[in-house]
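Engineer: Put together the whole structure using the sequences plus the hints.
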Amino acid sequence: MRLVIFFAFLLMVTVVLAQNQEPSARPTGVLRLRVRVKADDSLPLRGLARKRFFLIPGTLEQNRALVAAIEQQPLTTRDCYYKQHGASAALINWLKEGDCESVYCRSIEKEFVTGSTAVPEFAIAFAKSQKEFGNEEIAREWLTTNLNPDLLDGFYRDRQSVLTALLKQGTLGMIQSVMTDRNGTAYFTDLGPGTYVLSNLIPTELGQSMVMWNCEVQVKAGDLATEKPYLMSNRKEKNVKCVGVEKPKPVCAAD
Amino acid sequence: MQISTEILIRLHLCLSVAVFLPAVDYTKFSHSTQKHQAACSTCHRIPTKEWSRTSTFPDVTDYPGHDACVSCHRPQFFRGARPPICSVCHSKTSPRDDVRFTFRNPASKQQFTIEFPHDKHQDVIAQLRFAHPPQNYNNCTICHASRTVTFKAAPTDHASCFNCHWKSQQPVAENCNGCHKLASAPYVRAELPSRISSKFMHEGGGEKKQHVAECTTCHINITKAASLRGLKPDVPITACTECHNKEGLRQDLSKELVAIDKNRAFVCVYCHANNVGSLDPPASHYLIAERPPLKRKEIK
Chain Z
1241 MRLVIFFAFL
1251 LMVTVVLAQN
1261 QEPSARPTGV
1271 LRLRVRVKAD
1281 DSLPLRGLAR
1291 KRFFLIPGTL
1301 EQNRALVAAI
1311 EQQPLTTRDC
1321 YYKQHGASAA
1331 LINWLKEGDC
1341 ESVYCRSIEK
1351 EFVTGSTAVP
1361 EFAIAFAKSQ
1371 KEFGNEEIAR
1381 EWLTTNLNPD
1391 LLDGFYRDRQ
1401 SVLTALLKQG
1411 TLGMIQSVMT
1421 DRNGTAYFTD
1431 LGPGTYVLSN
1441 LIPTELGQSM
1451 VMWNCEVQVK
1461 AGDLATEKPY
1471 LMSNRKEKNV
1481 KCVGVEKPKP
1491 VCAAD
Chain F
3 MQISTEILIR
13 LHLCLSVAVF
23 LPAVDYTKFS
33 HSTQKHQAAC
43 STCHRIPTKE
53 WSRTSTFPDV
63 TDYPGHDACV
73 SCHRPQFFRG
83 ARPPICSVCH
93 SKTSPRDDVR
103 FTFRNPASKQ
113 QFTIEFPHDK
123 HQDVIAQLRF
133 AHPPQNYNNC
143 TICHASRTVT
153 FKAAPTDHAS
163 CFNCHWKSQQ
173 PVAENCNGCH
183 KLASAPYVRA
193 ELPSRISSKF
203 MHEGGGEKKQ
213 HVAECTTCHI
223 NITKAASLRG
233 LKPDVPITAC
243 TECHNKEGLR
253 QDLSKELVAI
263 DKNRAFVCVY
273 CHANNVGSLD
283 PPASHYLIAE
293 RPPLKRKEIK
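Protein chains in written order, with this note's numbering: chain Z, 1241 to 1495; chain F, 3 to 302.
Calculated from the structure, these hints are not laboratory results. Heads up, a few of these hints could be off.
Claimed, not checked - To list a few chain Z residues with every Cβ distance to chain F over 12 Å, as calculated: (1) 1323; (2) 1438; (3) 1479; (4) 1487.
Said to hold, decoys possible - DEER-style ranges, computed between Cβ atoms: (5) F:189 x Z:1349: 27 to 33 Å; (6) F:187 x Z:1458: 42 to 48 Å; (7) F:185 x Z:1458: 50 to 56 Å; (8) F:58 x Z:1368: 17 to 23 Å; (9) F:93 x Z:1374: 26 to 32 Å; (10) F:282 x Z:1279: 23 to 29 Å; (11) Z:1461 x F:297: 19 to 25 Å; (12) Z:1405 x F:297: 49 to 55 Å; (13) Z:1408 x F:187: 33 to 39 Å; (14) F:33 x Z:1279: 49 to 55 Å; (15) Z:1403 x F:286: 28 to 34 Å; (16) Z:1374 x F:180: 44 to 50 Å; (17) F:76 x Z:1330: 41 to 47 Å; (18) Z:1461 x F:29: 52 to 58 Å.
To be verified - Heads up, incomplete: computed chain Z residues facing chain F, CB under 7 Å, no partners named: (19) 1382; (20) 1385; (21) 1415; (22) 1419; (23) 1427; (24) 1435; (25) 1466.
Glycine included, each C-beta is placed from N, C-alpha and C at the ideal position.
Structural biologist: This is the structure in structure tokens:
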């Protein structure tokens, strides 16, 4: 009897160990996004670069509350945010030139810290940095450390708080996000098979309008998206699977 | 000579402590010691006094001053001609020589891990320099400059952090803990991440240098990585085969799979070094070639 119990125990230990050693191979899929947009009908389609997209588990119906919150959120454009926070016209233009959302977007060259083309906010921060670091080059490269926080990354922080509030809406599982590359391509990998809602959560500024995408997508196990990408656009064209809804930019109270 | 009871008790206590407590090795400094877990600025000055001697930017370039240690370790400081505690910072333990090891000592194990959320930085720094050629387009090169023609370098100091995170943007320079978390045990940081396709050259891609693209074109997972933990080379085979295994263009992958069909000991060398090239090709490679996966041992 004791021998039987011993062997049963041994068998149980072996089974448990074997289970632990073999990781369960979960079949997953890939979603390859290709986002191509037109800011104006006279322009050709171009890849939508550097925009973040979110993949939310569940159907549109299951995420109805979240989608409603996305659609009803108050919108503030980038220019409006900076105007409201007292940014100079020169700073707003500097941001616009590079389609930048914050001052971290691109290097601040010499011409923008001194002389006739200087951006006032940069010039003041540069002067402070010169005193602090005693080195012109470091002062220019580090001048963001002496900028007003609202102009530094306030717009980004505002967007983050909107995102956080939206994502607090009840969802069915982990939300993934990716950013598109220069060509408007992005990948979601290691996805469990099922239905998801693909959304940009915060409308994307495009010319004179703002575009919102909320589409349902199916992910199949083992689909590595090696063939056709999942096409998204703000224009209903051939093969486009997710068409964005465009709204005119809201009026800015600071105008 | 008469010894008082009190002295006997003290002697007994000292011996007991000596027997039952492990001797402290004062040549080893650990941040995990409870008394060493105060705010970093208790000991470290940011930036250190003479940072410009060894650095091009304000940084922590030296060990804390003697005050940081002496306040608790006076007995160890003044023990013998060559106190062991000195060797934590000094390469020579002599009152006539104050030479210190390079800060931080490259020979010592790492005590802190680094937290770096790529996803947040990708958003904040996102560069859109349309006026420049594609190689200047993306922001990864702010931190990952070319180290060799083959690989990119990873940051080794604060240079690429402090120009934003100096004093206003959290985690600021004085908030060491914002990025550096005490590791569960000292460790040796891997010199390089493992390379699977070691023959790939970032600057390559023929005359047109087609490999010079935006980093996220191939590193598809980096924009969603919220920490450095579990970060892995995330380039899918499809990133390569878009050009290297296209009908009418090139068949670099398919050709090597056919070579394995003919000789199961064939080593794939177009992308891989011998150690990787002699393994079974993964299923993803066969999928691209539109063939069912095979193991070498199944080939006769």
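Engineer: Now look at each hint and say whether the structure bears it out.
Structural biologist: Tested hints:
1. 1323: At about 21 Å from chain F, residue 1323 of chain Z clears the 12 Å cut-off, so the statement holds.
2. 1438: At roughly 14 Å from the nearest Cβ of chain F, residue 1438 of chain Z sits farther out than 12 Å, so the non-interface label holds.
3. 1479: holds, 19 Å
4. 1487: Fine: 23 Å to the nearest Cβ keeps residue 1487 of chain Z off the interface.
5. F:189 x Z:1349: 27 to 33 Å: violated, 41 Å
6. F:187 x Z:1458: 42 to 48 Å: Check passed, 45 Å falls within 42 to 48 Å.
7. F:185 x Z:1458: 50 to 56 Å: Once the Cβ atoms are compared, 42 Å apart, the range 50 to 56 Å for residue 1458 of chain Z and residue 185 of chain F is violated.
8. F:58 x Z:1368: 17 to 23 Å: holds, 20 Å
9. F:93 x Z:1374: 26 to 32 Å: holds, 31 Å
10. F:282 x Z:1279: 23 to 29 Å: violated, 49 Å
11. Z:1461 x F:297: 19 to 25 Å: holds, 22 Å
12. Z:1405 x F:297: 49 to 55 Å: holds, 51 Å
13. Z:1408 x F:187: 33 to 39 Å: With a Cβ separation near 37 Å, residue 1408 of chain Z and residue 187 of chain F satisfy 33 to 39 Å, so the hint holds.
14. F:33 x Z:1279: 49 to 55 Å: The hinted range 49 to 55 Å holds for residue 33 of chain F and residue 1279 of chain Z, with Cβ atoms some 53 Å apart.
15. Z:1403 x F:286: 28 to 34 Å: Since the Cβ atoms of residue 1403 of chain Z and residue 286 of chain F sit about 33 Å apart, the hinted range of 28 to 34 Å holds.
16. Z:1374 x F:180: 44 to 50 Å: At 26 Å between Cβs, range violated.
17. F:76 x Z:1330: 41 to 47 Å: violated, 59 Å
18. Z:1461 x F:29: 52 to 58 Å: holds, 56 Å
19. 1382: It holds, given that the least Cβ distance between residue 1382 of chain Z and chain F is near 5 Å, below 7 Å.
20. 1385: holds, 4 Å
21. 1415: Cβ of residue 1415 of chain Z sits 10 Å from chain F, so the hint is violated.
22. 1419: holds, 4 Å
23. 1427: Constraint on residue 1427 of chain Z satisfied, holds at 4 Å.
24. 1435: The hint is violated - residue 1435 of chain Z has no Cβ within 7 Å of chain F, the shortest such distance being about 20 Å.
25. 1466: At about 5 Å, which falls below the 7 Å cut-off, the nearest Cβ of chain F leaves the hint on residue 1466 of chain Z intact, so it holds.
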